[in-house]
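Visitor: Here is how the chains run, residue by residue.
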Amino acid sequence: MFKWLEKNLPKIVMAPAVGLIGWFVYGFVLWTLYISFTNSKILPKYELWGFGQYEKLWASRKWLIAVDNLLIFTALFLIFCVVIGIILAIFLDQKIRAEGLLRTIYLYPMALSFIVTGTAWKWILNPTLGIQKMFRDWGFENFTFDWLVDREMAIYTIVIAGVWQSAGFVMALFLAGLRSVEDEIVKAAKIDGASLFTVYWKILLPMMRPVFFTSFVILVHISIKSYDLIVALTQGGPGISTTMPALYMTQTAFHKSQVGLSAASAMMMFMAVAAVIIPYLYSELRRENAR
Amino acid sequence: MQDSLKSSSYQQLEQKSKYTNMFLRWFLYFILILFASYFIFPLYVMVVTSLKTMEEIRQGTLLSWPSGLNLESWAVAWGGRGYGAGDTFLRPYFWNSIKMVVPAVFFSTFIGAMTGYVLTKWRFKGDQWVFLFLLFGCFIPFQAILLPMARTLGVLGISNSVIGLVLVHTVYGIPFTTLFFRNYYISVPTELVKAARIDGAGFFKIFFKILLPISAPIIVVTVIWQFTQIWNDFLFGSTFSFGEAAPIQVALNNMVLSSTSVKEYNVDMASAIIAGIPTLIVYVLAGKYFIRGLTSGAVKG
Numbered sequence: 001m002f003k004w005l006e007k008n009l010p011k012i013v014m015a016p017a018v019g020l021i022g023w024f025v026y027g028f029v030l031w032t033l034y035i036s037f038t039n040s041k042i043l044p045k046y047e048l049w050g051f052g053q054y055e056k057l058w059a060s061r062k063w064l065i066a067v068d069n070l071l072i073f074t075a076l077f078l079i080f081c082v083v084i085g086i087i088l089a090i091f092l093d094q095k096i097r098a099e100g101l102l103r104t105i106y107l108y109p110m111a112l113s114f115i116v117t118g119t120a121w122k123w124i125l126n127p128t129l130g131i132q133k134m135f136r137d138w139g140f141e142n143f144t145f146d147w148l149v150d151r152e153m154a155i156y157t158i159v160i161a162g163v164w165q166s167a168g169f170v171m172a173l174f175l176a177g178l179r180s181v182e183d184e185i186v187k188a189a190k191i192d193g194a195s196l197f198t199v200y201w202k203i204l205l206p207m208m209r210p211v212f213f214t215s216f217v218i219l220v221h222i223s224i225k226s227y228d229l230i231v232a233l234t235q236g237g238p239g240i241s242t243t244m245p246a247l248y249m250t251q252t253a254f255h256k257s258q259v260g261l262s263a264a265s266a267m268m269m270f271m272a273v274a275a276v277i278i279p280y281l282y283s284e285l286r287r288e289n290a291r
Numbered sequence: 001m002q003d004s005l006k007s008s009s010y011q012q013l014e015q016k017s018k019y020t021n022m023f024l025r026w027f028l029y030f031i032l033i034l035f036a037s038y039f040i041f042p043l044y045v046m047v048v049t050s051l052k053t054m055e056e057i058r059q060g061t062l063l064s065w066p067s068g069l070n071l072e073s074w075a076v077a078w079g080g081r082g083y084g085a086g087d088t089f090l091r092p093y094f095w096n097s098i099k100m101v102v103p104a105v106f107f108s109t110f111i112g113a114m115t116g117y118v119l120t121k122w123r124f125k126g127d128q129w130v131f132l133f134l135l136f137g138c139f140i141p142f143q144a145i146l147l148p149m150a151r152t153l154g155v156l157g158i159s160n161s162v163i164g165l166v167l168v169h170t171v172y173g174i175p176f177t178t179l180f181f182r183n184y185y186i187s188v189p190t191e192l193v194k195a196a197r198i199d200g201a202g203f204f205k206i207f208f209k210i211l212l213p214i215s216a217p218i219i220v221v222t223v224i225w226q227f228t229q230i231w232n233d234f235l236f237g238s239t240f241s242f243g244e245a246a247p248i249q250v251a252l253n254n255m256v257l258s259s260t261s262v263k264e265y266n267v268d269m270a271s272a273i274i275a276g277i278p279t280l281i282v283y284v285l286a287g288k289y290f291i292r293g294l295t296s297g298a299v300k301g
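Chains Z and R supply the protein sequences, listed in that same order.
For the first sequence, counting from 1, position 275 maps to 275 in the working numbering; every step adds exactly one.
For the second sequence, counting from 1, position 211 maps to 211 in the working numbering; every step adds exactly one.
FYI, nobody ran anything at the bench for these hints, they're computed from the structure.
Check the hints yourself; a few may be wrong.
Unchecked claim - Result set (BS3-like, lysine-lysine): computed pairs, CA atoms no more than 25 angstroms apart in a straight line: (1) R:LYS194 / R:LYS209; (2) R:LYS125 / Z:LYS7; (3) R:LYS194 / Z:LYS3; (4) Z:LYS3 / R:LYS205; (5) Z:LYS45 / Z:LYS256; (6) Z:LYS190 / R:LYS194; (7) R:LYS18 / Z:LYS187; (8) Z:LYS11 / R:LYS205; (9) R:LYS209 / Z:LYS11; (10) R:LYS18 / Z:LYS95; (11) R:LYS194 / Z:LYS7; (12) Z:LYS11 / R:LYS125; (13) Z:LYS187 / Z:LYS202; (14) Z:LYS95 / R:LYS288; (15) R:LYS125 / Z:LYS3; (16) Z:LYS56 / Z:LYS45; (17) Z:LYS41 / Z:LYS62; (18) Z:LYS7 / R:LYS209; (19) R:LYS194 / Z:LYS11; (20) Z:LYS256 / Z:LYS56; (21) Z:LYS41 / Z:LYS187; (22) R:LYS194 / R:LYS205; (23) Z:LYS190 / Z:LYS202; (24) R:LYS209 / Z:LYS3; (25) Z:LYS62 / Z:LYS256; (26) R:LYS125 / R:LYS18; (27) Z:LYS56 / Z:LYS41; (28) Z:LYS256 / Z:LYS95; (29) Z:LYS95 / Z:LYS187; (30) R:LYS263 / Z:LYS7; (31) Z:LYS95 / Z:LYS190; (32) Z:LYS133 / R:LYS263.
Unchecked claim - Derived DEER-like restraints, expressed as beta-carbon distance ranges: (33) Z:VAL181 / R:ALA201: 40 to 50 angstroms; (34) R:ASN183 / Z:ASP183: 23 to 33 angstroms; (35) R:PRO92 / Z:ASP183: 50 to 60 angstroms; (36) Z:MET207 / R:ASN183: 17 to 27 angstroms; (37) R:ALA195 / Z:ASN8: 15 to 25 angstroms; (38) Z:ASN8 / R:LEU192: 17 to 27 angstroms; (39) R:TYR44 / Z:LEU196: 26 to 36 angstroms; (40) Z:ASN8 / R:ALA196: 14 to 24 angstroms.
Even glycine gets a Cβ: it sits at the ideal position worked out from N, Cα and C.
Start from the sequences, fold in the hints, and give me the full structure.
Guide: Take a look at the structure:
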């Protein structure tokens, strides 16, 4: 008995983690998947109903708006975060004075919650007392900046706040990438007469392919899951114009009590994340095995 | 003649490149400082707004300097006005968050250290698959587990309680803590462990005598990561708790959204700073470890 215990101790120590994840991650996802195929309303029902909830989901105007918003947000969020991140990383890499201080400033939003920063942005972007008033008080009397309360433009305020929060993080990834490149490569290129611009554009940035890939995966992942920022900034409004899938899911589940429908929307999100993550994990594992 | 011509044009060239260099340098700093002001702007606005009276807010602009160190809105945000019902303030929720964060960080870090230790130093057949099995938990969108989790907490009788949130955060932290410790311990030479085993040291003795003493950096990284994630969480907090059991982010959101009386932006901003200050302090004090956690665990949204 004691011998057996000693021999299997490592596995016994592993058991709680494996059990918890097995139950709370895999079991729960399977439960959600099952429920998405039933006609559950307030309480879950267990007789199968086929793809009805998915049909309902894709016929729902609100869901289509949510998907639309997700696509707009993801595209702009990706472009701006990567462009700003790369510019800051390259500029910071030029033996800058006070680099540490600047880096700290660029990255501090990542330490704050989206609720905290969303509250701040909401105050800054509100037309009556925020930026609009500031410019009007400075003498630009016709200056208008009311995106926050404009149905067409409100989604872009979420982009502004989202980019502000995450661009510094992309900067950190690229800075680490640039610093890991051997000095010799840059020196050799300079001796061959390459300008600094050419060195970055033709040599260093192409070498950053894995960093681009990682940033892409992380940023898409953040944007699919974005929820807190929208709650803090617009609550999905004006109207339903800034709804995103994560907000749709919780609203359908907990305010409208449409459990089956919300499970279907959760599974759509799950599949979207899987489509990005599985190739990523696969390539990461291959890289690790190749080492 | 030829020579002098050559050298002078060379000098000219050098002069020119010196000026372009200086210009580029200024341009560089200009852009960097421009971006720094964009990043610092909301924090600045939060701080000055929290120090103004509502009268000053209506008259001045976002950027205008407060007339004095007016801490009243901070006092209201933290302790309320003392008129009883309907008076919401952050103090009790701040303590809820502390009560939630401390055990959840402790348990998830401990479990992660143990699994990381087994996965690297007591390898068994198929351990790579077990790691992958755990790792996948880092990536799932939590919407896919919200519904069954809400029911489970109800069945266990811990919905809308701090204990329930401790359980949730511990469980969904395990994939990350395992990842951190596994990647750290994999670079510790296995020979050390093998030698200790030959000397008759057991499973726990090896962990506490050999691994734990060299684990300080990764423990710091993990604790900071978990602390920041759990403190800043809103999805779990708002789904599984309301009223008195809510953590601080949920309380902050409720305070800002409550439309009972006139909006007091100075109190809102003071509240936001109070809710953000613990993680901000950790970031300023231990930025290096924060970034290390970020770059290896940031897949979580």
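Visitor: Each hint should be assessed against the structure and marked as holding or not.
Guide: Against the structure, the hints come out as follows:
no., hint, in the structure
1, R:LYS194 / R:LYS209, "holds, 13 angstroms"
2, R:LYS125 / Z:LYS7, "holds, 14 angstroms"
3, R:LYS194 / Z:LYS3, "holds, 19 angstroms"
4, Z:LYS3 / R:LYS205, "holds, 17 angstroms"
5, Z:LYS45 / Z:LYS256, "holds, 16 angstroms"
6, Z:LYS190 / R:LYS194, "violated, 49 angstroms"
7, R:LYS18 / Z:LYS187, "holds, 20 angstroms"
8, Z:LYS11 / R:LYS205, "holds, 16 angstroms"
9, R:LYS209 / Z:LYS11, "holds, 20 angstroms"
10, R:LYS18 / Z:LYS95, "holds, 17 angstroms"
11, R:LYS194 / Z:LYS7, "holds, 15 angstroms"
12, Z:LYS11 / R:LYS125, "holds, 11 angstroms"
13, Z:LYS187 / Z:LYS202, "holds, 14 angstroms"
14, Z:LYS95 / R:LYS288, "holds, 19 angstroms"
15, R:LYS125 / Z:LYS3, "holds, 20 angstroms"
16, Z:LYS56 / Z:LYS45, "holds, 17 angstroms"
17, Z:LYS41 / Z:LYS62, "holds, 18 angstroms"
18, Z:LYS7 / R:LYS209, "holds, 20 angstroms"
19, R:LYS194 / Z:LYS11, "holds, 18 angstroms"
20, Z:LYS256 / Z:LYS56, "holds, 14 angstroms"
21, Z:LYS41 / Z:LYS187, "violated, 66 angstroms"
22, R:LYS194 / R:LYS205, "holds, 13 angstroms"
23, Z:LYS190 / Z:LYS202, "holds, 12 angstroms"
24, R:LYS209 / Z:LYS3, "holds, 22 angstroms"
25, Z:LYS62 / Z:LYS256, "holds, 13 angstroms"
26, R:LYS125 / R:LYS18, "violated, 64 angstroms"
27, Z:LYS56 / Z:LYS41, "holds, 13 angstroms"
28, Z:LYS256 / Z:LYS95, "violated, 56 angstroms"
29, Z:LYS95 / Z:LYS187, "holds, 15 angstroms"
30, R:LYS263 / Z:LYS7, "violated, 65 angstroms"
31, Z:LYS95 / Z:LYS190, "holds, 17 angstroms"
32, Z:LYS133 / R:LYS263, "holds, 17 angstroms"
33, Z:VAL181 / R:ALA201: 40 to 50 angstroms, "holds, 43 angstroms"
34, R:ASN183 / Z:ASP183: 23 to 33 angstroms, "holds, 27 angstroms"
35, R:PRO92 / Z:ASP183: 50 to 60 angstroms, "holds, 55 angstroms"
36, Z:MET207 / R:ASN183: 17 to 27 angstroms, "holds, 23 angstroms"
37, R:ALA195 / Z:ASN8: 15 to 25 angstroms, "holds, 23 angstroms"
38, Z:ASN8 / R:LEU192: 17 to 27 angstroms, "holds, 23 angstroms"
39, R:TYR44 / Z:LEU196: 26 to 36 angstroms, "holds, 33 angstroms"
40, Z:ASN8 / R:ALA196: 14 to 24 angstroms, "holds, 19 angstroms"
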